[in-house]
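Model the placement of chain B on the given structure of chain A, informed by the hints.
2 protein chains.
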Amino acid sequence: MPELPVGLLGCGTVGLGVARIILEKAELIRSRVGVDIRLAGVADINADAVRDLGLAPGVFTTDAVSIAEDPNIPVVIELIGGKTVARDLILRALSLGKSVVTANKALIASHHAEIAETAEKGNGELYYEASVGGCMPVIKTLREALAGNRVESAFGILNGTCNYILTRIAEDKLSYEQALAEAQQQGFAEADPFLDVSGMDTAHKLAIVVALSHGSWVELSDIYVEGISRLTPMDIEFAADFGYRIKLLAITKNRGNRIEARVHPTMVPFDNLLASVNGAMNAVKIVGDATGEMVLYGQGAGRMPTASAVVSDLCDIARNRACGIKNRLPIFSFRPGTAKPMDLLPMSEVETSYYMRFAAQDRPGVLSKIAGALGKQNISISSVHQKGRKTEGPVPIVLLTHRAREADVMAALDEIANIDVIAERPVLIRIEEEDR
Amino acid sequence: MPELPVGLLGCGTVGLGVARIILEKAELIRSRVGVDIRLAGVADINADAVRDLGLAPGVFTTDAVSIAEDPNIPVVIELIGGKTVARDLILRALSLGKSVVTANKALIASHHAEIAETAEKGNGELYYEASVGGCMPVIKTLREALAGNRVESAFGILNGTCNYILTRIAEDKLSYEQALAEAQQQGFAEADPFLDVSGMDTAHKLAIVVALSHGSWVELSDIYVEGISRLTPMDIEFAADFGYRIKLLAITKNRGNRIEARVHPTMVPFDNLLASVNGAMNAVKIVGDATGEMVLYGQGAGRMPTASAVVSDLCDIARNRACGIKNRLPIFSFRPGTAKPMDLLPMSEVETSYYMRFAAQDRPGVLSKIAGALGKQNISISSVHQKGRKTEGPVPIVLLTHRAREADVMAALDEIANIDVIAERPVLIRIEEEDR
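As given, the protein sequences belong to chains A and B, one line each in that order. Taking our numbering, I'd label the letters of the first sequence as residues 1 to 436. Taking our numbering, I'd label the letters of the second sequence as residues 1 to 436.
Bound conformation, chain A alone (with noise of 0.2 Å):
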């Protein structure tokens, strides 16, 4: 049986996990890939990070460098993480032809044309399961199961920790400060939660499945980001009244000529699967012209199901190198050159539907002003909501609107900001009603 050299650059959570699955699961992998997958190397800084895996000597090194550019070693894993070292260690690999792996969204939203150049002049390839989603195979779906299809949209929960606290604060009625807590209790946020909570993360998921599912990048920068630590327990009631579940989600939409890139908290009615996605669980729709609607869920962090998703890469890379061939697929789902560019749609252009909470002084006349500001811009409202009634202090005016444009209801929000009643910037939650 053919054997296959891996190096594993990284022993943390996840490496710990690909080293387990390799170590343990050798087995099945021979009866399912027909090799003989073999640790020929692991790096880490930290000797202690692989004292439990009972590595044979020699196989551990400090030196991340030697094993990227072992001869011996055709295939490496980065599970460093970050935009230096891992930078360095993977453009290394490939420019040397080896088959690279790696978690690392991050590095791939910004650095993925210095990465197709150097694998293709290298003749190295890269694989990327789990940089999106986890366990779920939504790299593989969209570049190997949707190749006969255009891909119209794509709507992902991203991010388990953003999920897990807008569960909490929905279902539980936390603050917004207390789920956060308690997700860094239970280990599913990080001590600095901002890339997280941000969007930032799932800003850099976004990118990949715009990649792969329009053949065009969008630079991270372009991308509208918008966080969930402003979002408040009143808001996510008032939104389940309306019959909404509030997620964070990643919404890529095929416009024809330009391509929607987003990433806001999202109201999702609660019929679609997206609304029952809860707890730290990751979702996406992806919506194929040919397939309509799928979707994938699963859990999208985690030592071990992080590892199965790097894995399966390494698992294909063995099938591959088994046959003699390498770069099987394009890195990016289409062929260098062989996809139309499309642009960027500006957040201004998009066309949603909006919730508006206002905070204002309980006086006549004041919903009809505001209707009014919204009607000189077009905007129409499809439903009104005027909750509680306090006899001083602002009382909160929520409001639904049909479609409307971005640039539109900004307008009419700056005009609305400028109406003495209003106590303060209104609250503006956009909603996906429909899944195209």
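Honestly, the hints are just simulated from the structure, not real lab data. Be aware that one or more of the hints could be misleading.
Identical chains blur together in the list; that is why a pair holds if it fits in one copy or across any two.
When the alpha-carbon atoms are kept at most 30 Å apart in a straight line, the in silico DSS-like pairs for lysine-lysine are as follows [what the hints assert, rightly or not]:
1. Lys25 <-> Lys369
2. Lys376 <-> Lys83
3. Lys340 <-> Lys25
4. Lys340 <-> Lys83
5. Lys121 <-> Lys326
6. Lys83 <-> Lys121
7. Lys326 <-> Lys25
8. Lys173 <-> Lys376
9. Lys326 <-> Lys83
10. Lys369 <-> Lys173
Frame of chain A, contents of chain B only:
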């Protein structure tokens, strides 16, 4: 660019969809696969079927065998269905070393051994993504994405007709007969719906899922199969009162040395994602030991969704042939002879919890007699519900049990049948509470 001549056998609903994607999406496929997939032969018994395709002269024939045997056509798509002509054509093509694509679950479930042997001898290969779950990449996920996982269990809603009927009964209080008639009008159900509503179509798909999950085939005739035709709106309503939806599930579990494989109406708690799969949609929940719970959801039938799956196979084959390889994957997930053979767990030894509805004369002591018979078999009751009361005639007594063994339940029901005040054989519906 390399060219791949493809033969299409059968130009019905799905066949026409496949032809349309190949003809209309040629540019997209070239851009993603780097191969020119060319419709080199199309066979149907009816020349009118291909009228609108604008095929070049000489491409259409009524002689499917000539295409299956054509040395210039290395890839054959079988969409004729059935187990006679289709079987001959598939075996012929495989014996000639061709790549064969099919959606024919009935044939695979019954003739897998013959197919595998013929393919091995002739160096042919079989792809069958469209055989289970329409557009969803169920086969790809089991064969490839989960390569490093032991599959613990799988639960599938795999027949759109049945799910449509059950949804209409649950949501719109139709009778089974009304819902079936409607499904036929809408084109979801065949004129002869037996294969669908009997659960047999689901069993064909389950046999494939079992083989790809555990590496062992089960005989179709050994699978416990119960259809939906005896379900009543009353039971569907009672189930809802207890917090459950009734779905026709294909279930398989890895029980160590043995496999569970069964198809029957199943009560699923509301908060299980499968309970939210409505209308003609399909879904599969797969639990891997590394991935944990994963769900795929999508259209399980229909022209374009099924055609999308066929084209996904075609593109896989095209990528391989462009690299000069074949048989990159074992046909049925495990390399022949490498998986531990596992026996089917007899239905009598299956353990689950149960819904039981008795029609009893409204006399004192009935419940005590029922409970006594259950207790004697160590079956404990988790809740009882006695709905409505009539002055005359039988009243329904509904109860849910904790986990019990099927054989014990049957023994208890035999004893209960002898109680004089029990009007008829009780209704029994199995419940799946857990995810494994």
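Do the hints match the structure? See the list:
no. : hint              : in the structure
1   : Lys25 <-> Lys369  : neither (67 Å within a copy, 52 Å between copies)
2   : Lys376 <-> Lys83  : neither (47 Å within a copy, 66 Å between copies)
3   : Lys340 <-> Lys25  : between (43 Å within a copy, 14 Å between copies)
4   : Lys340 <-> Lys83  : within (29 Å within a copy, 44 Å between copies)
5   : Lys121 <-> Lys326 : both (14 Å within a copy, 27 Å between copies)
6   : Lys83 <-> Lys121  : within (21 Å within a copy, 50 Å between copies)
7   : Lys326 <-> Lys25  : both (24 Å within a copy, 26 Å between copies)
8   : Lys173 <-> Lys376 : neither (37 Å within a copy, 46 Å between copies)
9   : Lys326 <-> Lys83  : within (26 Å within a copy, 38 Å between copies)
10  : Lys369 <-> Lys173 : neither (33 Å within a copy, 46 Å between copies)
Taken one by one, the earlier hints fail for this structure at numbers 1, 2, 8 and 10, listed in ascending order.
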